[in-house]
Amino acid sequence: MQTPKFLKPEQVRCSAREYGTPLYIYSEQKLRSSAEQVLAFPHAYGLTARYAMKANPNAGDRCTF
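Whatever position you read off the sequence shown (first residue = 1), add 1 for our numbering.
Rather than coming from a laboratory, the hints here were simulated on the basis of the structure.
Just to be clear, a hint being listed does not mean it is correct.
[What the hints assert, rightly or not] What follows is a list of derived Cβ distance ranges for each label pair:
{"no.": "1", "residue 1": "Y46", "residue 2": "L8", "range": "35 to 45 Å"}
{"no.": "2", "residue 1": "K9", "residue 2": "L48", "range": "31 to 41 Å"}
{"no.": "3", "residue 1": "L40", "residue 2": "K9", "range": "26 to 36 Å"}
{"no.": "4", "residue 1": "K9", "residue 2": "V39", "range": "21 to 31 Å"}
{"no.": "5", "residue 1": "R51", "residue 2": "R18", "range": "17 to 27 Å"}
{"no.": "6", "residue 1": "I26", "residue 2": "Y46", "range": "31 to 41 Å"}
Ideal Cβ placement from N, Cα and C applies to all residues, glycine included.
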């Protein structure tokens, strides 16, 4: 099991017990930062950033640490 850099090992074990495995855990801070970078692209020609839900269809439960 690879431990995410933004979680403590105990948080990973607790999440795995509570939600089962495989388990996908994302950093909200990293996702927001990436979204801000995409939205900051120059858009002189009407570029609109879009997100394809089929790329990541995890509805998932929300758990905060």
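Here is what the structure says about each hint:
Distance hint for Y46 and L8: a CB-CB separation of about 40 Å, consistent with the stated range 35 to 45 Å. About 39 Å separates the C-beta atoms of K9 and L48, a value consistent with the hinted range of 31 to 41 Å. At about 31 Å, the beta-carbon gap between L40 and K9 stays in the expected band of 26 to 36 Å. With their beta carbons about 29 Å apart, K9 and V39 fall inside the hinted range of 21 to 31 Å.
Take R51 and R18: their Cβ atoms lie about 36 Å apart, and the range 17 to 27 Å is violated. For the hinted restraint 31 to 41 Å between I26 and Y46, the CB-CB distance of approximately 37 Å keeps it satisfied.
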